[in-house]
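S.K.: Mind docking chain F on chain H? Use the hints.
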Amino acid sequence: MYSLLPLLSIMVPLSIGFLHLILHPFWFLESFFKKTYKTLLLFSVFLTLITVLSMVPYVLAGEVLEVPHLSLRVDSRNMAGLIGVSLIFFLASIYNVEAEKGGRLKPTMYNFFLLLFLCCMLGLLLSHDLFGIFLFVELTVGVSVILVAHNPSKLSTEAAFKYLIITAVSALFVLLGVLIIFFLTGNTNLFDITSNPHMYARLVENPQLLMLAVACFIIGLGADIGIVPFHGWLPDVFPGSTIIINGFFCSEPIALILALYNLVAPFYKIYPSNVIIALMVGLGLISMVFGALVAYPQKNFYRMLAYCSIDEFGHIMFVLGLLASPISFAVGQYYLVNSALMKAGMILSLGSVFFKTGTADMEKLGGLLRKMDKTALSYIICALSLTGIPPLSGFYAKWLLYSVAYNFILELGGTAIAVLSLVFLICISMVTFIFLLRSFHQIFMGQATETTKEACEVRWAMWLPTIISAVSAVILGLQPQILLSLIGVA
Amino acid sequence: MEPIVTATLIASTVATLCGVFAKTTKQLIRLLAVQAAALGLVELVLCLINLILGLGFEALVDFFATFSEWFAAAVITPLIIYWGMIKTENVHDEPSINVKRVGLALVAIVILSLILSFFASRFLPEKINVLPFVAIMFSISVFIIATRTDPLKILAGLNMAENALYPMFAESPLFLIPFILALMIFVNLVGVFIIVEAYHDYGNLSVKAWRLNE
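Sequence order for the protein chains is H and F.
Reading the first sequence from the start, the letters are residues 103 to 592 in the working numbering.
Reading the second sequence from the start, the letters are residues 32 to 245 in the working numbering.
No wet-lab data here; the hints were simulated from the structure.
The structure presented is a predicted model; accordingly, all values stated were derived computationally and were not measured.
C-beta atoms are modelled at their ideal positions from N, C-alpha and C, and glycine is treated no differently.
Keep in mind that the hints are not guaranteed to be accurate.
[To be verified] Heads up, simulated SDA-like pairs for lysine to any residue below, C-alpha to C-alpha not over 20 Å straight-line:
no., chain 1, residue 1, chain 2, residue 2
1, H, Lys256, F, Arg242
2, H, Lys208, F, Leu220
3, H, Lys256, F, Thr119
4, F, Lys118, H, Leu207
5, H, Lys208, F, Phe217
6, H, Lys555, H, Phe542
7, F, Lys239, H, Gly334
8, H, Lys476, H, Arg561
9, F, Lys239, H, Leu257
10, H, Lys203, F, Glu228
11, H, Lys466, H, Thr553
12, H, Lys256, F, His231
13, H, Lys371, H, Ser297
14, H, Lys458, H, Gly548
15, H, Lys256, F, Val227
16, H, Lys256, F, Gly234
17, H, Lys401, H, Gly548
[Stated by the list, open to error] Facing chain H, from chain F, some residues (calculated, C-beta under 10 Å):
no., residue
18, Val165
19, Ile185
20, Leu186
21, Ala195
22, Met199
23, Phe210
24, Val218
25, Tyr230
26, Asp232
[To be verified] Ranges of calculated distance between the beta carbons of each label pair, as one might list FRET restraints:
no., chain 1, residue 1, chain 2, residue 2, range
27, F, Gly134, H, Ala303, 38 to 48 Å
28, H, Pro159, F, Glu33, 51 to 61 Å
29, H, Lys208, F, Glu33, 44 to 54 Å
30, H, Asp463, F, Gly134, 44 to 54 Å
31, H, Gly460, F, Ile107, 37 to 47 Å
32, H, Met313, F, Phe210, 25 to 35 Å
33, H, Leu109, F, Val92, 24 to 34 Å
34, H, Pro299, F, Phe210, 28 to 38 Å
35, F, Thr37, H, Tyr302, 27 to 37 Å
36, F, Asp124, H, Lys466, 36 to 46 Å
37, H, Thr141, F, Val141, 51 to 61 Å
38, F, Ile107, H, Phe130, 30 to 40 Å
39, H, Leu125, F, Ser127, 38 to 48 Å
The shape of chain H in the complex, shown without the other chains (with noise of 0.2 Å):
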């Protein structure tokens, strides 16, 4: 079905953005954005919260909103996507209210640049066209980079400096991919090549050349996204940027891990290689591993987030890379929403702690969970449920992906190795759940610390965006099939 409604969700952040940049010379108006910036941030997230809304019952009835001569289309595969983003966005907008004290962009840049984020962020999930993604992609994380360097503090600079250069080399791998299937195909649009015969049969004629550049898309979007062994920049990134510039980046993880499924999967039905599977879940594991047992011995709280990010990463990269399976893709999406909304209640409360204490040693913090009880709550909730524990949303995505994980290992070397496998899934879970338990015990429980003595509970607008976190995790928790229902797959 046409309709404008995709076009106008993206629309929406880029027009306003583009108005803040074109005021930005007027020095005179400098004073009133200085006094507006964040209610006009609020504003058109809300508004373009609202467009992407709009399009759910739509998506609800089955249609398929498609804008065809801009290869942009939202139907169940990107709809949960969308709106996690959106929320996700509209969450930290209200805690950008209290939170954001300024840094080396001004506030009409500082919108600007947020606002192209979201555009980006919206623009990938998207659109279904090679160039198109390529373009969202770089732009995302260029934008990142800026907002990473945002912080006025000295550890952005290296951090951001860091994290361009190797997304920056990353991205030439996503451009190097692109240009080979459009040499392949002459075609850029990811339904054509896959329902066209004739394109169909140049890729299965050139299967090594396909195969390197699914490849590319694993290597370049993997580093974009953080995944083991092309993660160096995230443990930078977290501590070195704004507490609230975090809380937008919990969003990134759904726009690129969603584009580099839509870049994979078409090619994977075309030529079903067990490399693309093996590279996927390979990644996956590795980055589980490596992201729960590094996280486990960090004393500043944002590196742990960050290792936690990459564990977590790794899970759905392994549930998206189980490619045969056919319900994969709506438990990896399941997965990948539930995740960055409860990583975005952990990100917020710990920017609150650090707001307060200045600290993120968490050796140095104790103490808090009567002086920020509201902060406390809903980092536990966000933190449980992130583990897995029931009743809560984590406890459904982690049961349906032991599920396919189980059948998919099943069917394919027998009953001991999917025991195993899921065994081993289970302590990689534990982990989590033990080093999220003891950073809640050491910042929350316990005498208060020479830090911790003076803090207090930090304004609403503040502690409300966790607690909707929190009170989402139960939700979800209660009725799974809310958010499953947007997959498709209720």
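M.R.: Using the frame of chain H, we list chain F on its own:
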């Protein structure tokens, strides 16, 4: 492949190779300009000949697209990095592993790429027969990025890697060129902005020193 194309690809590969041994930021920026200019020259001349012979609107659009691509890679990008150098300093340094090892590693990269290209030529379609050169230049550029501590040299190396893919852009759709150019310039502006800010923060241009200063 036509001899003139091979010659320009060899020239740009040599320029990339010289980049490994460049001592100052200024030298590397010059080599970046030479590499980009050489890479785009054949396509540009072909478009110019088409324009003169055909005088058609399509030929004119083609020429301007190719010219803007060439101009952005060979002039604007080096100028952006040069501007970053003026704002900071022209660092005089050497690759962080010694020259003998650099030489050996480069020989190994080139031999490996040639072996790879020999085998790859069996299944490469005619359109992508520049891929071996692309692979060599890309590997050398990544090597520059990996062995330098001066961020401006790393940025120049990154651009060399990006330029290495230029021969493959030649047949990309026309509508894409403005976007790729804008992205290329955007990434460089972001890079220079961060380097200048970091220079103000740390007072030097060494990624290694930045890491130690954290």
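S.K.: Go through the hint on Ala195(F) and say holds or violated, using the shortest Cβ distance to chain H against 10 Å.
M.R.: 8 Å, holds
S.K.: Would the hint linking Lys256(H) and Gly234(F) be met if the CA-CA limit is 20 Å?
M.R.: With a Cα-Cα distance of about 11 Å, the restraint between Lys256(H) and Gly234(F) holds, given a limit of 20 Å.
S.K.: Please verify whether Lys466(H) and Thr553(H) have alpha carbons no more than 20 Å apart.
M.R.: 6 Å, holds
S.K.: Please test the hint of 38 to 48 Å on the beta carbon pair from Gly134(F) and Ala303(H).
M.R.: Check passed, 46 Å falls within 38 to 48 Å.
S.K.: Taking 10 Å as the limit, does the beta-carbon of Val165(F) come near enough to a beta-carbon in chain H?
M.R.: Holds. Min distance 8 Å.
S.K.: With chain H as the partner, please determine if Phe210(F) meets the hint condition of a C-beta pair closer than 10 Å.
M.R.: Given a least distance of 5 Å, the restraint on Phe210(F) holds.
S.K.: Quick check on Ile185(F) please, does its C-beta sit within 10 Å of some C-beta on chain H?
M.R.: 6 Å, holds
S.K.: Given the hint of 24 to 34 Å, is the C-beta distance from Leu109(H) to Val92(F) inside that range or not?
M.R.: 26 Å, holds
S.K.: Does Val218(F) meet its interface restraint, that is, does its C-beta lie within less than 10 Å of any C-beta in chain H?
M.R.: With a minimum Cβ separation of about 6 Å from chain H (threshold 10 Å), the hint on Val218(F) holds.
S.K.: Decide if the proposed pair is consistent with the structure: Lys476(H) and Arg561(H), CA atoms, cutoff 20 Å inclusive.
M.R.: The given pair, whose Cα atoms are some 10 Å apart, holds under the 20 Å limit.
S.K.: Using Cβ atoms only, decide whether Tyr230(F) comes closer than 10 Å to chain H, and label the hint accordingly.
M.R.: 9 Å, holds
S.K.: Could you check the hint for me, namely that Asp463(H) and Gly134(F) are 44 to 54 Å apart, CB to CB?
M.R.: Check passed, 45 Å falls within 44 to 54 Å.
No hint from the list above goes unmet by this structure.
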